[in-house]
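With the hints as extra help, turn the sequences into a complete structure.
Number of protein chains: 2
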Amino acid sequence: MIDVVLCVPSCEGPIKKAFEVTGVTPAVAASGRFNEVIALEPSDGYAGAVINAAGFPFNDAMNLCRQLRHRDRSVSPIILLVDHYQLDDLTFREDLFDDFVVGPFDVSELATRLRHRLRRAGNESVAARVEHGGLTMNLETYQAAIAGRVMDLTYMEYELLRFLATNPHRVFTRETLLSRVWGYEYYGGARTVDVHVRRLRAKLGEEHAHLIQTVRSVGYKFGADAERSESID
Amino acid sequence: MIDVVLCVPSCEGPIKKAFEVTGVTPAVAASGRFNEVIALEPSDGYAGAVINAAGFPFNDAMNLCRQLRHRDRSVSPIILLVDHYQLDDLTFREDLFDDFVVGPFDVSELATRLRHRLRRAGNESVAARVEHGGLTMNLETYQAAIAGRVMDLTYMEYELLRFLATNPHRVFTRETLLSRVWGYEYYGGARTVDVHVRRLRAKLGEEHAHLIQTVRSVGYKFGADAERSESID
DNA sequence: GTCAACGTTTCACACGCGGTTAACAAAACC
DNA sequence: GGTTTTGTTAACCGCGTGTGAAACGTTGAC
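So the protein sequences, as listed, match chains A and B.
Take 1 as the starting number for the first sequence in the working numbering and just add one per residue.
Take 1 as the starting number for the second sequence in the working numbering and just add one per residue.
Please keep in mind that the hints were generated in silico from the structure rather than gathered at the bench.
Worth double-checking, as some hints may not be accurate.
Note that identical chains are pooled: a pair holds if it fits in a single copy or bridges any two copies.
To be verified - The list that follows gives simulated cross-link-like pairs (lysine to any residue, SDA-like), each with its CA atoms no further than 25 Å apart:
#, residue 1, residue 2
1, 221, 66
2, 221, 121
3, 203, 115
4, 221, 117
5, 221, 115
6, 203, 84
7, 203, 219
8, 203, 156
9, 221, 119
10, 221, 120
11, 203, 58
12, 203, 106
Bear in mind that the values here come from a model prediction, so they are computed numbers and not experimental data.
What follows is the structure, given as structure tokens:
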């Protein structure tokens, strides 16, 4: 049985060694491309995943995290290998991974972190649901409901709403949303965001459409402002 | 309010800097001995703890973790600073801490781990703000409040107020404001600044309108002069 | 104290940026 | 091949923004 998914396009040798220390069996899932790991069946089973993002497009690694998280939520820890300059990219993506190691990579540190997260895996879990202002999102069943009424959201609609709702009251520019939700590096048509916001508002219903607020000249944010009218933080 | 308990018998300076990045306020609880931190009342409240175990008896740090954990169960994250040779000691103590940094300590890595754990623990108070003379501006939610009352500012009003409030007591000419806030290279209509100042004063309310002061023949500055009437700098 | 000169405040209005919306095209899925 | 989802384009429209002019206040000279 495979214990840990190893997603390391390079430098596999020393990292594999780290797993021997922990006593779990690693499986190299992707030697060249990130998306190969997805080919693994969930039934294959694995205890955790180590993803090497160092020297690679960051969004590729993030998309992989997202897919792993969707597959089996909160069960298996995801550890990221990053370069020092990538540290800032981790902000607002805290839910996508469980731990990280900064290069140059130390084998024993990785082993310790792996052990740490594996032993913690049972107790601590990523929030399985997001609730805010009448909105409920079940991250396991991939369902969303507003004021008890289930909404039939498409994939992109769900992802956008989830990102906004997990960071309530925070304003995001279209560019940020494109890169965080869509994974685009480039700045393409920003109108794409507008249109998806519009479709979301429509499905939220007239009564709750204001849950996604427009901040003119800046972007969009999630959250009823009523609850914030007294104080900001 | 104390956000984070800093328990670092040495090298406080650079570690304190890490907290500034996250926006939480650190409090040095123990400058010499580990057990001093325990003197803090639970009611003091803090979002997390950073404990320096590097170069110190490991069991002392572990006992501190145990006490902190006992005090408020698993709410606030505990981050350990350890030397490389101490990594093995962490085994089977995974429940006593939430994360660790291996020396030599990198400030930005610590900051990232702090943010990661704080946000995972559901703590949203990790936000960048500007506060001055009753004015509070949350740079992430794009909200501003005066004396607790939320103001509905437009984009330009917000940007102008932010610039002034982040540089309190400093006088800016209209030309400077135009170039710094508006981004103009040229000197357009200086009346533009006046009008925006006026609109801001109106939204600040009569009581707080004086927060933006006119310096005749020069420009405008932000800040209550009362607090500066005694001393200049 | 009066007056003139200068700077600031206030108002009203028009332009255009930026957001919304709908309709269409392309792609993915079954 | 039909259906659903996703991205793009363009028209529409509201409101934020800048501008000019008038009203107002302040300063200093006589």
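Quick rundown of the hints versus the structure:
no. : hint      : result
1   : 221 - 66  : within (21 Å within a copy, 40 Å between copies)
2   : 221 - 121 : between (32 Å within a copy, 22 Å between copies)
3   : 203 - 115 : neither (34 Å within a copy, 33 Å between copies)
4   : 221 - 117 : between (32 Å within a copy, 23 Å between copies)
5   : 221 - 115 : between (34 Å within a copy, 21 Å between copies)
6   : 203 - 84  : neither (41 Å within a copy, 44 Å between copies)
7   : 203 - 219 : both (20 Å within a copy, 22 Å between copies)
8   : 203 - 156 : within (13 Å within a copy, 32 Å between copies)
9   : 221 - 119 : between (36 Å within a copy, 18 Å between copies)
10  : 221 - 120 : between (33 Å within a copy, 20 Å between copies)
11  : 203 - 58  : neither (32 Å within a copy, 43 Å between copies)
12  : 203 - 106 : neither (44 Å within a copy, 46 Å between copies)
Hints 3, 6, 11 and 12 from the earlier list are contradicted by this structure; the remaining hints agree with it.
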